[in-house]
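Full structure from sequences and hints, please.
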Amino acid sequence: MTTAPHTESSGRNGVYAVLLVQALLASGTHLVAKVVVTQIDAFTLTLVRSLIATGGMVLVLQSAGGRLAIEKRDLPLVLFLAFLAVPVNQFLFLLGIRYTTASNAALLYATTPILVVLFSRWLLKEKLTRQRIAGVLLGFAGVTIVIFERGVDASIDNLAGNLIIYCAVLAWGLYTVLGKRLISTYGPIRSTSLTLIVGTILFLPVGIWSAVQFPFDRLALESWLQILYLGLITSVVAYMLWYYALSRAEAGKVAVFTNLQPLLTTVLAVLLLDQDVTVAFIVGGSVAIGGVVLAQFG
Numbered sequence: 001m002t003t004a005p006h007t008e009s010s011g012r013n014g015v016y017a018v019l020l021v022q023a024l025l026a027s028g029t030h031l032v033a034k035v036v037v038t039q040i041d042a043f044t045l046t047l048v049r050s051l052i053a054t055g056g057m058v059l060v061l062q063s064a065g066g067r068l069a070i071e072k073r074d075l076p077l078v079l080f081l082a083f084l085a086v087p088v089n090q091f092l093f094l095l096g097i098r099y100t101t102a103s104n105a106a107l108l109y110a111t112t113p114i115l116v117v118l119f120s121r122w123l124l125k126e127k128l129t130r131q132r133i134a135g136v137l138l139g140f141a142g143v144t145i146v147i148f149e150r151g152v153d154a155s156i157d158n159l160a161g162n163l164i165i166y167c168a169v170l171a172w173g174l175y176t177v178l179g180k181r182l183i184s185t186y187g188p189i190r191s192t193s194l195t196l197i198v199g200t201i202l203f204l205p206v207g208i209w210s211a212v213q214f215p216f217d218r219l220a221l222e223s224w225l226q227i228l229y230l231g232l233i234t235s236v237v238a239y240m241l242w243y244y245a246l247s248r249a250e251a252g253k254v255a256v257f258t259n260l261q262p263l264l265t266t267v268l269a270v271l272l273l274d275q276d277v278t279v280a281f282i283v284g285g286s287v288a289i290g291g292v293v294l295a296q297f298g
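One point on numbering: in my numbering, the residue at position 177 of the sequence shown is 177, and numbering is uninterrupted.
Mixed in with the good hints, there may be bad ones.
Stated by the list, open to error - In silico DSS-like pairs for lysine-lysine, Cα to Cα no more than 27 Å straight-line:
#1 K72 / K180
#2 K180 / K127
#3 K125 / K180
#4 K125 / K72
As the list claims (entries may be wrong) - Label-pair distances were calculated between CB atoms; the ranges are:
#5 R130 / Q39: 44 to 50 Å
#6 L123 / K72: 19 to 25 Å
#7 P76 / L221: 38 to 44 Å
#8 L221 / V279: 37 to 43 Å
Simulated from the structure, these hints should not be mistaken for laboratory data.
Each residue gets a CB set at the ideal place from its N, CA and C atoms; glycine is no exception.
Shown next, in the form of structure tokens:
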């Protein structure tokens, strides 16, 4: 009599564990990207990152015994998701972060759960409870405390970068919500492979002109390692974990975990860059985590 609830609880805990790992892997994106965009332009970086990700996904797909064939009726959705994933989300993020701060970028991405909740209600008809809305807003409030304490720069110099990155955030929100339809048919590995491979093909005509002129021989080993992180860890592993979670939970509940990324980014900055831990960080982090918990049970 208790088998079903126990199984359901174990499955839910497994999804939470996956999302925590995904958030940890993705949390380094803002720090790494901010450094590497000073070495390589956004057009070239997006193409190289996508090509690396495509190679990685092909290997994963082959290891899993999967195939890329899809039903003709799903082609428009695949093309749209691929367009959102690479030419819009990845490119605009790498372009925008060059002109703003990593803190600003983290704060903007922390609005993802709000967008996903609204998009899910509009496109997927997911239930929108008061408790879930409260959890999303509470999580965002906690992130805001942390990020503003770390020094968000709202000056006109960063306005263009902020606007560009927010366009990337909108794309990520749509990608998360509409991706539910794809993974219900093809699963997380195949769906991730399709969107990344097709997205790379779509971006190829745009990025190739910059890439063929870029002096790759001038890149240091450290820069290549950073590009590999963006290509393999962020674009392959984190994407697959994200879609895996989406295949087992509502989009709104999955997206709330985005609020943990800027907090984890700050933790990494403390560990790697010797930043100090402040009272605001502790308070804001606690509020954000409370928001995640509240949204999960909403």
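ask   = Among all the numbered hints in the text so far, which are the ones the structure does not match?
value = Those not satisfied: there are none.
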